[in-house]
Amino acid sequence: KAGVTQTPRYLIKTRGQQVTLSCSPISGHRSVSWYQQTPGQGLQFLFEYFSETQRNKGNFPGRFSGRQFSNSRSEMNVSTLELGDSALYLCASSLGDSTLHGKAFFGQGTRLTVV
Amino acid sequence: AQRVTQPEKLLSVFKGAPVELKCNYSYSGSPELFWYVQYSRQRLQLLLRHISRESIKGFTADLNKGETSFHLKKPFAQEEDSAMYYCAPWGQNFVFGPGTRLSVLP
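Taken in sequence, the protein lines are chains A and B.
Per this note's numbering, the very first residue in the first sequence carries number 1; after that it's consecutive.
Per this note's numbering, the very first residue in the second sequence carries number 1; after that it's consecutive.
Bear in mind the hints are in silico, worked out from the structure with no lab data behind them.
Zero decoy hints are in this set.
If you anchor each label on the Cβ, the simulated ranges turn out as follows:
1. B/Ser40 x A/Thr38: 15 to 21 angstroms
2. A/Gln41 x B/Thr60: 26 to 32 angstroms
3. B/Met84 x A/Ala2: 22 to 28 angstroms
For each residue, glycine too, the CB sits at the ideal point set by N, CA and C.
Sequences are here, hints too, so could you generate the full structure?
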């Protein structure tokens with residue numbers, strides 16, 4: 001069974017641009033969550049989706065948004081990129097209704113660099 | 001606001017020695033408690049969650065509600081335990097601790 005797949009693996013964007021990251025969960029998993037990992041702030045939860053509905057949201061500005069499709073694939077979008085948005089963005093999926101309360105499987109991440 | 005502290009950024013122990021990774025949190029309710037681990041060049045993965053008493057690789061975690069701590073322990077450390085460990089007490093907010101890098105020396 002394929003694991004959680006995140007695309008692209010690496011991305012370089014210019015300040016002010018927007019970016020869309022994709023996450024394909026493990027087949028059969030319906031819950032997807034997103035995290036930001038930086039050396040300064042560590043691991044931070046962004047948001048979680050289940051059945052195309054956002055269930056939980058972390059403490060990030062509105063520039064960070066996400067969505068989930070009917071096939072459980074998820075995308076996150078960051079608009080008006082700032083230098084501080086440079087980070088590793090992780091996605092996780094879970095068989096249950098929440099990656100936050102059950103066993104979550106993580107992707108390898110997308111490394112975003114904002115220049 | 002919910003806070004999580006892992007006082008040691010780096011912890012080095014010798015193979016076969018006991019290891020304890022500390023996690024303290026401040027939260028008024030009863031958060032769900034997790035430990036996550038990231039081995040070198042591998043994906044982040046759930047190590048254990050308090051509610052299910054699951055564990056992998058011989059690690060256990062003791063919840064002390066009075067001290068609001070959730071320390072991770074293993075009686076005999078192995079070199080393959082070297083990794084980054086994150087405590088995650090999740091209540092109203094889903095907050096990870098800053099992480100402790102465990103280095104098990106031969």
